[in-house]
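Participant: Starting from the structure of chain A, add chains B, C and D where the hints point.
There are 4 protein chains.
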Amino acid sequence: MRLESNTCQAMVLAATQKAVSLGAFVSVAVVDSGGNLVAFLRMDGAEIAGPTLAVDKAYTAVANKISTQELSVLAAPGGPLFGLHSNGGGRFVIFGGGIPIFDKSGLVLGAIGVSGGAVDEDVACAEAGLTEWMRSSQGSV
Amino acid sequence: MRLESNTCQAMVLAATQKAVSLGAFVSVAVVDSGGNLVAFLRMDGAEIAGPTLAVDKAYTAVANKISTQELSVLAAPGGPLFGLHSNGGGRFVIFGGGIPIFDKSGLVLGAIGVSGGAVDEDVACAEAGLTEWMRSSQGSV
Amino acid sequence: MRLESNTCQAMVLAATQKAVSLGAFVSVAVVDSGGNLVAFLRMDGAEIAGPTLAVDKAYTAVANKISTQELSVLAAPGGPLFGLHSNGGGRFVIFGGGIPIFDKSGLVLGAIGVSGGAVDEDVACAEAGLTEWMRSSQGSV
Amino acid sequence: MRLESNTCQAMVLAATQKAVSLGAFVSVAVVDSGGNLVAFLRMDGAEIAGPTLAVDKAYTAVANKISTQELSVLAAPGGPLFGLHSNGGGRFVIFGGGIPIFDKSGLVLGAIGVSGGAVDEDVACAEAGLTEWMRSSQGSV
Chain A
1 MRLESNTCQA
11 MVLAATQKAV
21 SLGAFVSVAV
31 VDSGGNLVAF
41 LRMDGAEIAG
51 PTLAVDKAYT
61 AVANKISTQE
71 LSVLAAPGGP
81 LFGLHSNGGG
91 RFVIFGGGIP
101 IFDKSGLVLG
111 AIGVSGGAVD
121 EDVACAEAGL
131 TEWMRSSQGS
141 V
Chain B
1 MRLESNTCQA
11 MVLAATQKAV
21 SLGAFVSVAV
31 VDSGGNLVAF
41 LRMDGAEIAG
51 PTLAVDKAYT
61 AVANKISTQE
71 LSVLAAPGGP
81 LFGLHSNGGG
91 RFVIFGGGIP
101 IFDKSGLVLG
111 AIGVSGGAVD
121 EDVACAEAGL
131 TEWMRSSQGS
141 V
Chain C
1 MRLESNTCQA
11 MVLAATQKAV
21 SLGAFVSVAV
31 VDSGGNLVAF
41 LRMDGAEIAG
51 PTLAVDKAYT
61 AVANKISTQE
71 LSVLAAPGGP
81 LFGLHSNGGG
91 RFVIFGGGIP
101 IFDKSGLVLG
111 AIGVSGGAVD
121 EDVACAEAGL
131 TEWMRSSQGS
141 V
Chain D
1 MRLESNTCQA
11 MVLAATQKAV
21 SLGAFVSVAV
31 VDSGGNLVAF
41 LRMDGAEIAG
51 PTLAVDKAYT
61 AVANKISTQE
71 LSVLAAPGGP
81 LFGLHSNGGG
91 RFVIFGGGIP
101 IFDKSGLVLG
111 AIGVSGGAVD
121 EDVACAEAGL
131 TEWMRSSQGS
141 V
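Chains as they are written, first to last, in the working numbering: chain A, 1 to 141; chain B, 1 to 141; chain C, 1 to 141; chain D, 1 to 141.
Only chain A is shown next, with the shape it has when bound in the complex (with noise of 0.2 Å):
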C-alpha cells in the first residue's frame, strides 16, 4: 500500500479547508515512506516558513515514526531525546503539526505536515488531512 498522488493532494485541501474553519492560514506538506515531498500548498496570507517547516515537521514525523507533537516532550530539555532539533542537517522539528501514516501493519507510508498557525491549529489541520486518507483510504491507522 502506498499513498497515491491523489490522496496527497485531498489531504491537503483536507487540511487547508480545516484551516479557513479555524481563521488560520498555513502550509501543508505530505511526503511518502521515503521522506520525499508529494503534494504542498500555502494558503494566500500564509507565512514563507511555511515551505520548510511543514516539509520538515511531515520528513520529521516519517523519518522517526512519530509525531512531532509527541517529539515535543522526548527532545524537551530533560527528555530522553533533548538535543534532536539539531541533528538531522537541521530537518527534524519537534513541536506539533507532523504526524505519520501507517498502514493496518503498522508500516509508515508517509506523514502529513501544517506549519503557520498556532501549534495547536497545524495539528488540528493536521488530523483534518489523516482523516482524509483513512476516508479516501477506507482504511485505519
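Read the hints as simulated data drawn from the structure, not as lab findings. Any given hint could turn out to be false.
Same chains, same label: a pair holds when it works inside one copy or across any pair of copies.
[What the hints assert, rightly or not] Using 25 Å as the maximum straight-line C-alpha spacing, the simulated DMTMM-like pairs for lysine to aspartate or glutamate come out as follows:
#1 104 - 127
#2 104 - 70
#3 104 - 47
#4 65 - 121
#5 65 - 120
#6 65 - 44
#7 104 - 44
#8 65 - 4
#9 104 - 4
Facilitator: What follows is chains B, C and D alone, placed relative to chain A:
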C-alpha cells in the same frame, strides 16, 4: 496582482494533465515573486529528484526573471553567464522546465517549474501550466 | 517488491569481492527507493571520499532513475542536463558507479553506488552488485 | 591497531542480532578513528532517520572520545557542555547509542552508533557490537 493559491493549484494540475497526455511522470512546483513555494505535486511514478529540481527550476526562473531554457544557452560553457549553476547555493538549474510569470507591466509574479520528463516534456508541461495561469487570470504575459 | 536488508548486504559484499578481483579498493552503498541508505561497506584501504561518493552515486541513480554513467554524457558540457552536478544540494554525481535497480514493471526499487576505484572499476563493481540482486531476487531487470 | 572492515561488518551484524532479540528495528554504523564511515546496515522496518542518526552518533562518539550516553548528561541544560548539540554542523548527537572504541593504550580506534529503538535498546545494541569487536580483536577495552 499576485499569484493566488487556487491559481497555483490549477497550474500544477494543468501541468500534470499535460504530462499524462505525453506519457511523462513529473513533479510540478509554483513559486511566488519571493521565490517561495506555493504549490507542488509529484505524480505517482515520478522520480524523487522532482522535489528539488522542480522547485529549484521555478526558483531559478523567478530569481533571474528568465526561463531555465534560456539559461541553458546563456550559462553554458562559453556563454556570458557560465558558472551560474554553481551559485545560489546550488539552487540555480540551467536546463529547461522553469518559466517565469510576468504581469502586463513586466513585473515578475512567480514561476512554474517542472521536472521528471525529458527536457522537452518538462518545458511543454510548464507551458501548459502557464496557459492555465493566463486563462484563470484572463491576463496576458 | 522491496529491496530487503539481507539482499542489500549481499550486494555490497558481491561488489567488494569484484573489487578484490580487480585489485581495487572501494566503498559500496545501497539505497532504497526513497534514496535512503540501507547498506554500506568501505574496504580496508579505500579512500574516505567513499562514504559521500558511493552513497551519493546511489542516491543520484535512484533520484533520477538513471545510471550515473549515462549522466556523465547527458550532464556534460553540451549535454541537455549540463549543470545538474551543482543541483540537489551537491548530491548529484555525474560519473559512473551508480546504477538504479528496477523491477519488471519499471518501478525503481533502489540503487547501488560504488566509489574508490577508476570509474570503469567502480562501474564493474556496481554491476557485480546488481548481478547479485538479480540472483537473489530471481528477478530480471 | 586499526578497525578492519571485516570486523566492522561483524559488529554491525552483532548489533542487529541484538536488536532482533529485543524486537527493535535499528540502523547500525561503525566509523573509523577519522570519523569516516566503514560499515552500515539498516534493518527492514527501521526508520529512515537511521542513516543520519546512527552515523552521527558514531561520529560524535569518536570525535569527542566519549559515549553519546555520557554526553546526554554533560551536554544537557545545566551541564558543562550545554550547547554541544548545535555544534559540529549539527552532527553531534547527545543521547545514547554511540560508543567509542579504544585500544589498550587508550587510543580511539573508532565508534559504533545505533539508532531506531528506544534509547536503552540502541545502547544495548551498540554494546553488543562492541562485544563483538572485543571478541574478534581478542583485545580489551
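Participant: Next, verify each hint and record whether it holds.
Facilitator: We went through each hint and held it up to the structure:
For the identical chains of this complex, residue 104 and residue 127 are intra-copy neighbours only, at 18 Å inside a copy versus 33 Å across copies, given an alpha-carbon limit of 25 Å. With identical chains, the CA atoms of residue 104 and residue 70 are at most 25 Å apart within one copy only, with a shortest distance of 21 Å there and 38 Å across copies. In the homo-oligomer, the alpha carbons of residue 104 and residue 47 lie at most 25 Å apart only across protomers (17 Å), although the nearest pairing inside one protomer, at 35 Å, exceeds that limit. When the C-alpha separation of residue 65 and residue 121 is checked against a cutoff of 25 Å, the pair qualifies both within a copy, at 21 Å, and between copies, at 16 Å.
Both within a single protomer and between protomers do residue 65 and residue 120 lie at most 25 Å apart by alpha-carbon distance, with minima of 20 Å and 17 Å respectively. In this assembly of identical chains, the alpha carbons of residue 65 and residue 44 lie at most 25 Å apart only when taken from different copies (14 Å versus 30 Å within one copy). In this homomeric assembly, residue 104 and residue 44 come within 25 Å of each other (Cα to Cα) only across copies, at 17 Å, whereas the closest approach inside a single copy is 36 Å. With identical chains, the CA atoms of residue 65 and residue 4 are at most 25 Å apart both within one copy (19 Å) and between copies (19 Å).
Proximity of residue 104 and residue 4 under a CA criterion of 25 Å is satisfied in both settings, with 17 Å inside one chain copy and 20 Å between copies.
Checked against the numbered hints listed earlier, the structure breaks none of them; every hint is satisfied.
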